[in-house]
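Q: Given the coordinates of chain E, assemble chain R onto it according to the supplied hints.
Residue numbers (our numbering), protein chains in the order written: chain E, 774 to 1106; chain R, 774 to 1106.
Hints were generated in silico from the structure; no laboratory data involved.
Treat the hints with care, since some could be wrong.
Note: identical chains are not told apart, hence a pair may lie in one copy or across any two.
What the hints assert, rightly or not - Cross-link-like lysine to aspartate or glutamate pairs, in silico, DMTMM-like; alpha carbons within 20 Å at most:
no., residue 1, residue 2
1, 970, 1100
2, 957, 918
3, 844, 960
4, 863, 851
Being a predicted model, the structure only gives us computed values, none of them experimental.
There are 2 protein chains.
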Amino acid sequence: MKVAVDAMGGDHAPEVVVQGALKAASEWGMDIILVGDRDLIDKKLGSNQGMTTIEVHHCGEMINMDEPPLKAVRHKKDASVVVAFDLLKKGKVDAVVSAGNSGATLAAAIFALGRVEGIERPALPGILPSENGNVILIDVGANVDCRPDHLFQFGIMADAFAKTYMAMTNPRVGLLSIGVEGGKGNEQVRVAHDLFKNSPLNFVGNVEGRDIFTGQVQVIVCDGFVGNVALKLSEGMAEATAKMLKENMMRSFAGKAGLFIGRRAFQRSTERLDYAEYGGAPILGIKGVGIVCHGGSSVKAIKNAIRMADDYAKSDFKDRISRQIVEYQQSVA
Amino acid sequence: MKVAVDAMGGDHAPEVVVQGALKAASEWGMDIILVGDRDLIDKKLGSNQGMTTIEVHHCGEMINMDEPPLKAVRHKKDASVVVAFDLLKKGKVDAVVSAGNSGATLAAAIFALGRVEGIERPALPGILPSENGNVILIDVGANVDCRPDHLFQFGIMADAFAKTYMAMTNPRVGLLSIGVEGGKGNEQVRVAHDLFKNSPLNFVGNVEGRDIFTGQVQVIVCDGFVGNVALKLSEGMAEATAKMLKENMMRSFAGKAGLFIGRRAFQRSTERLDYAEYGGAPILGIKGVGIVCHGGSSVKAIKNAIRMADDYAKSDFKDRISRQIVEYQQSVA
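Chain E with its partners taken away, still in its complex shape (with noise of 0.2 Å):
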């Protein structure tokens, strides 16, 4: 299995991304392709050059943050996350990992690849740490202004995903509203829910907010304003929280003595907040494997997803959700 890495994406490329292909690489024996600028490349990589199990794939162009997804992927033919898609889609690499502009990689990707039979909006899942396990945050950003038969088909491929990937059972799929009735929420949400309630899933109903932390569902399906709202929203608070109780234990000596003391299982606490576990999130919905990384992705973060993209990639996953998909629309259809 061969990863490309759009070496040009993200807030600290090509710097961090180039370090987290290199662990990637010296700790799991990962092949990899850095797609980017070759010099720059070359100069991160520095005495590493030479690792056999690293190619660079140079290219002329890359996409900024702030730019149009669509314009930039339509016009800039030779940016890094395009020419990355390209090179999978001519059977080069077997996935291509990127924590650029994550709507241009969604673009990109699309573009390249193509949706899966069935499916409108490809979506991106987020995986967030609850009192009990994972949870499946569906679509954190890929699609605003959804209709409702959107978000049902974000909900199939979500359950798909969690049943695949993550190895869950019969994982319970909420939709979530401001109000566990059925007919609490906005018009999308309560037209969805009917959706949801005539089929072969396994839908609890509406929950709210507070219960992505709880666990008591595995799949929570929104828009992708609201779930990207939510997942940033999430990860300033566990930011925020660790940093002011580290503040609050140290103005004092005691809050010192027992942070010092203590420290091992405050560790462990923090840990559980921490987003770099899995780098990264699969594009869900497109005949491949594309995996969208934040852009402010630390070195593990770019090194988990390097790992995620190459387990993915192996796997038959891909087709089992394709096959899913296809078999829950025709239930409900």
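A: Frame of chain E, contents of chain R only:
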């Protein structure tokens, strides 16, 4: 000043509501009318039945948490929340506090008191702790399916609320979206962005979910669906984090010892995440004072909400808010 408290509203009513009212009356000498089933309330008051600062106003109905708000308010004329706002309309009290069905509280308030000129949709602000003081999130659940100009009205109201009630001098106002650039977000947010940009508000542009906790802005505007998800997510995450941290610390001897030694500093930290500090939020955009509390409000939250109602009714805040709304609306008309 006299505050009517909906004794039948909330997940733990009337018990918790009556306890909160008793505390507000005994600690601060608040004048309170408890509205609801006299027998039930008297039982909870117990030996405090004789307190001169607490009256009971009997009514024979109540609105449940899961009832459709508009229908319930229209048909149950003798429901506690409807009767409470009726007392306010008749000048018998100066403010109303309810932890019941928030949709019903809002509807009862609007029916009884009417809207401030220029406001189509009264809204509910949420007051959240951040690294740099409090942040007002508006709307946290009164309005789903909003138009862009509704979001703009929310911004004006929260700005006035921040300046008057929260004593912020020139609050920075942000629009909750999924990217900081003006072009990012859904259709609703993109149009609202232009309304804000051309207004006299101290508008800093789009903000993301994580900015709720950094305190870079003091007012964050979103529709009630997104705001309610965000508020409940924050609450759920704060609870889950504190619980998980404590459990992890208690798992090892060093952790236990550390927690014991640093317990005061630890407590201070979790208190910062305590959403009961501000017991409730005033309905902005109505001609009068109505405070909406969380259904799961604690005794402390009810007590603080009654103080907020009293403060709010004593001040000329609501008139100042009305003036600013008219002025700002005209400035962009």
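Q: Are the hints correct? Go through all of them and say.
A: We went through each hint and held it up to the structure:
In the homo-oligomer, the alpha carbons of residue 970 and residue 1100 lie at most 20 Å apart inside one protomer (17 Å), although the nearest pairing across protomers, at 48 Å, exceeds that limit. In this homomeric assembly, residue 957 and residue 918 come within 20 Å of each other (Cα to Cα) both inside a single copy, at 19 Å, and across copies, at 12 Å. In this assembly of identical chains, residue 844 and residue 960 lie within 20 Å of each other by CA distance solely across copies; the values are 18 Å between and 31 Å within a copy. Only within a single protomer do residue 863 and residue 851 lie at most 20 Å apart by alpha-carbon distance; the minimum there is 15 Å, versus 72 Å between protomers.
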